[in-house]
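K.L.:
Here is what each chain is made of, one letter per residue.
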Amino acid sequence: MMHTTAEKQVLDAASNHHLDWLESEAIHIMREVAAECGKPALLFSGGKDSVVLLRIAEKAFRPGKFPFPLVHIDTGHNFAEVIEFRDRRIAELGEQLIVRSVEESIRRGTVRLRNPASDSRNAAQAVTLLETIAEFQFDACIGGARRDEEKARAKERIFSFRDEFGQWNPKAQRPELWDLYNTRIHPGENMRVFPISNWTELDVWQYIAREKLALPPIYFAHERQVIPRNGFLVPLTTLTPAKEGEVIETQVVRFRTVGDISCTCPVASDAATVEAIIAETAMTKITERGATRMDDRTSEASMEQRKKAGYF
Amino acid sequence: MSATIPKQFFQELTRERGLLRFITAGSVDDGKSTLIGRLLFDSKGIFADQLDAISHARHRRTIGDAIDLSLLTDGLEAEREQGITIDVAYRYFATPRRKFIIADTPGHEQYTRNMVTGASTADAVVILIDVSKVKMSDDGSVELLVQTKRHSTIAHLLQIEHVVVAVNKMDLVHYDHAVYDRIVQAYREFAQRLGLKDIRTIPLSALAGDNVVTAGDRMPWYQGPTLIELLESLSVYDACHDEPLRFPVQLVARHNGHEANDFRGYMGRIEAGKVRRGDRLVVQPGGSAATVKDILILDQSLESAVVGQSVTLLLEEHLDISRGDMLASADRPATPLKTVTADVCWLSEDPLDPRRNYWLKHTTRQVTARVIKINTLLDINTQQKHPADTLRLNDIASITLNVQQPLAADAYDATRATGAFILIDEVTHQTVAAGMIRLDDSGVGNVSER
Numbered sequence: 001m002m003h004t005t006a007e008k009q010v011l012d013a014a015s016n017h018h019l020d021w022l023e024s025e026a027i028h029i030m031r032e033v034a035a036e037c038g039k040p041a042l043l044f045s046g047g048k049d050s051v052v053l054l055r056i057a058e059k060a061f062r063p064g065k066f067p068f069p070l071v072h073i074d075t076g077h078n079f080a081e082v083i084e085f086r087d088r089r090i091a092e093l094g095e096q097l098i099v100r101s102v103e104e105s106i107r108r109g110t111v112r113l114r115n116p117a118s119d120s121r122n123a124a125q126a127v128t129l130l131e132t133i134a135e136f137q138f139d140a141c142i143g144g145a146r147r148d149e150e151k152a153r154a155k156e157r158i159f160s161f162r163d164e165f166g167q168w169n170p171k172a173q174r175p176e177l178w179d180l181y182n183t184r185i186h187p188g189e190n191m192r193v194f195p196i197s198n199w200t201e202l203d204v205w206q207y208i209a210r211e212k213l214a215l216p217p218i219y220f221a222h223e224r225q226v227i228p229r230n231g232f233l234v235p236l237t238t239l240t241p242a243k244e245g246e247v248i249e250t251q252v253v254r255f256r257t258v259g260d261i262s263c264t265c266p267v268a269s270d271a272a273t274v275e276a277i278i279a280e281t282a283m284t285k286i287t288e289r290g291a292t293r294m295d296d297r298t299s300e301a302s303m304e305q306r307k308k309a310g311y312f
Numbered sequence: 001m002s003a004t005i006p007k008q009f010f011q012e013l014t015r016e017r018g019l020l021r022f023i024t025a026g027s028v029d030d031g032k033s034t035l036i037g038r039l040l041f042d043s044k045g046i047f048a049d050q051l052d053a054i055s056h057a058r059h060r061r062t063i064g065d066a067i068d069l070s071l072l073t074d075g076l077e078a079e080r081e082q083g084i085t086i087d088v089a090y091r092y093f094a095t096p097r098r099k100f101i102i103a104d105t106p107g108h109e110q111y112t113r114n115m116v117t118g119a120s121t122a123d124a125v126v127i128l129i130d131v132s133k134v135k136m137s138d139d140g141s142v143e144l145l146v147q148t149k150r151h152s153t154i155a156h157l158l159q160i161e162h163v164v165v166a167v168n169k170m171d172l173v174h175y176d177h178a179v180y181d182r183i184v185q186a187y188r189e190f191a192q193r194l195g196l197k198d199i200r201t202i203p204l205s206a207l208a209g210d211n212v213v214t215a216g217d218r219m220p221w222y223q224g225p226t227l228i229e230l231l232e233s234l235s236v237y238d239a240c241h242d243e244p245l246r247f248p249v250q251l252v253a254r255h256n257g258h259e260a261n262d263f264r265g266y267m268g269r270i271e272a273g274k275v276r277r278g279d280r281l282v283v284q285p286g287g288s289a290a291t292v293k294d295i296l297i298l299d300q301s302l303e304s305a306v307v308g309q310s311v312t313l314l315l316e317e318h319l320d321i322s323r324g325d326m327l328a329s330a331d332r333p334a335t336p337l338k339t340v341t342a343d344v345c346w347l348s349e350d351p352l353d354p355r356r357n358y359w360l361k362h363t364t365r366q367v368t369a370r371v372i373k374i375n376t377l378l379d380i381n382t383q384q385k386h387p388a389d390t391l392r393l394n395d396i397a398s399i400t401l402n403v404q405q406p407l408a409a410d411a412y413d414a415t416r417a418t419g420a421f422i423l424i425d426e427v428t429h430q431t432v433a434a435g436m437i438r439l440d441d442s443g444v445g446n447v448s449e450r
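Going down the list, the protein sequences come from chains A and B.
Reminder that position 36 of the first sequence reads as 36 in the working numbering, one-by-one numbering, no gaps.
Reminder that position 400 of the second sequence reads as 400 in the working numbering, one-by-one numbering, no gaps.
Below are the PhoX-like pairs computed for lysine-lysine, each with C-alpha atoms no more than 25 Å apart in a straight line:
no. : chain 1 : residue 1 : chain 2 : residue 2
1   : B       : K149      : B       : K135
2   : B       : K293      : A       : K65
3   : B       : K149      : B       : K385
4   : B       : K133      : B       : K149
5   : B       : K197      : B       : K385
6   : B       : K293      : A       : K59
Derived from the structure by calculation, the hints contain no laboratory data.
Source: prediction; values computed, not measured.
Pulled out of the complex, with its shape left as it was, chain A reads as follows (with noise of 0.2 Å):
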C-alpha cells in the first residue's frame, strides 16, 4: 500500500500528538470497563481530573447514555463553588449522580473521628466509599487517580485489584501486559480503575485547554483571606479558622487540587487562564500534591498507608 505525501502528514500528524495517544487510551480503557464490568461507576468530585473524565466518557460513549452512573463521595467539607459546578455539570450532561456523605457515616458510626467538626475527611471517604461500594454492588470504580500524583501511585496498576476489605496490596498486583486488561474478579472483590494514569499534571491541563473544559472557579487565580502557616497558605474557612498569633492575609490565589477544605491548600499564583495555568504548571518547582496537601506530608509513606486501607 504506498501513500500519498499529504496522506503521510496526516498520518504523522494523527500519530504525534501526545494527547491523542492519552485520549484515546482513556476511552479505550472506559469501554473495556463498560464491556467487562458489571455494575461500573464513575467517581466524579467535580475536581480537573474528574472534569477530564467525564469528557472521555462523552467520547467513549456519546450519543448514548454514559453506561455508569456517577458517583461522588462527599466529605461534606466542600468548596461551595466546587458543588455548584457539579450540579450544573451533571445537570448539562443528564447523566445519574449518587451522592454518598462521610457525615452520614459520622452518624452511623462506621466513621470515628476525633474531632468531627474539623479533622480531615480525606482518608475518612474510604470508609463511605466502601459503603457505597456495598449499597450499590459496583464491582469496578473508575477514578481520576493518575501516577505522576505520588510515589505510590506510580506502581499501581490501570485496573487496580481490591480484595473483599477494598484493600490494595502493592505486593499482589496482577501484572498488566499490553492493553489486555484482566478485569475477572471474584463476589465482593472490586476494581479500580484509572483511565488518566498515563497524565501528567501538564497534560489535564492542556487538555482543559484544547477540549475547552469548563472547571470550578476556585482554579483560576482569585483573592483570598489566607493564613500563611508552616509553608502552606491555608484558606480562611470556618472549618479551618486562624490559631491564635496568626495574621490573615489577602492573597491572589488558586487551587491546584480540590479536596477537603480542612487540608487543601491554594498557590500564591495569579494564573487566571488555562493558557497562564499551563505555562506555570510547566514551570512549576514543586508537585501538585507537594504543594497542596497537607494530608501527604504525614510521613514519607502516608498515600500508600491510605492506600492498602480502600483509599481510591
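Since chain A is already given, all that's left is putting chain B on it; use the hints.
P.N.:
Frame of chain A; chain B shown alone:
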C-alpha cells in the same frame, strides 16, 4: 509565579509532541535508579519538594551531601527498607520535543515477570551495562554479564523496536575509549546471534551525568547523541502505517440514543493500519464481508482514521457482530487459529497445570484454552532450550494451545496487538501468563544452537 514566561518557551511547550514509552533494564547495582533520577533531574522532571523529601528520607544509601537520585524512583515502603525495586513503576517527564513514559523495571533474576510486563508496552529499551563488572581477558575476549544477555533476550522476545545499550559507569574506567569499544563489539556479536535489529550504544556515567542529558567534556572521542537526544529521535509509528487494518470490536452501540433508530455502531480502537469510508472489510473470525459507511468520534464524521484512534465504525451491511469480533482489511485479513503456538512467560507462583483449562484473552476476545504441549523451555541466561513438563514463575517457553473458539491473530512480530494474549486462571482469576503468537515454527528465542 508566572510573571515572565519567554514566548519561545511557551511555543515550544504547546507544540505538538510525540510520546515514547521505554523501559530501563539493569540490575540493582548497575545504576539504573540513578540513571532515571538523572534523566528526571536534568530534564527538570523532579520537583523541589521531592528532592526535599529524599534528603530527609530514612534509608539513604549515600554519604555526605550528594543527593541519592535513586531514592526518587523507589516508591514503596518495602523497597525503601530493602533498598531494591520490587515492582514496575511508571515515571513521566517531558522535554520540549517529546513526552516520555518510563517503565522502571527491576533487573533481579527472579523478576523476569516485571520486565516482561514493562516491555509489553515499550517502544524502546535502555539496557544498562556496568562497565566495571564486565570481564575482559588479556587475549581480547569480553564476557558480557548474564543479566545483560537475559535483558536482551526478553527485549527480543517482546519485540521491542529500539534497543539502546547504555555502557554505564564510564567514570570508573577513566572514560577509556578502548574499553567501551570492546564491550560494544562483544554486545553487537551477541545481539546479532539473538536477532536484535535496531541497536544504539552510548557510553555514559549516570552518576556524573556524562552523556545523559548533556554531553560533558570527558569523552571527546564520542561524537554521537546523548541518551536524551537519542530517545527524542527514535521513531515510533513508522512501521504501522502500511499494516492492514485491525479493529477489534469492544462494544456495540445500538439506537444512537433513540430507541426507534436502526443504528449499530461498532466501538473500538484501531490497533493497526487505517480505515477509510468505503473500505472493504472482513468480519473475523466469521468471514462476512463489510463496507465502511462512516467513522465517528463524538459528533464528528471522519473520512479516515489511523492506528491509535478510538472511534465508532458504521457499516453498510446489517451483520451480527459482537464484542470479540474483529474488522480487518478484506485483502489482508488476520489468520484464524484453533491451535496456537506461542512463546509465553509464566507469571504466577502456581505452576502451569496442563490438565486444566485457562481463559485466554486476545484483543477483546476471551476464550477457553488448554495447553497441549510444552515445546521447549528457554534458559534465558544461556539462551539454550530444554524440554519441560511444567512452567514455573518467570519461565519462558514455547507452548502449543488449543482454543475453544478460533482467534483471528497475527504473528506477534508483525502486529503486537493481535499477536499478544494473556492467560487467566479460572479459579484464582490471576493473570498467569503472557503470550506472543508465533506463526512460523521458529519457537522460542530463535537463538541457541543456530
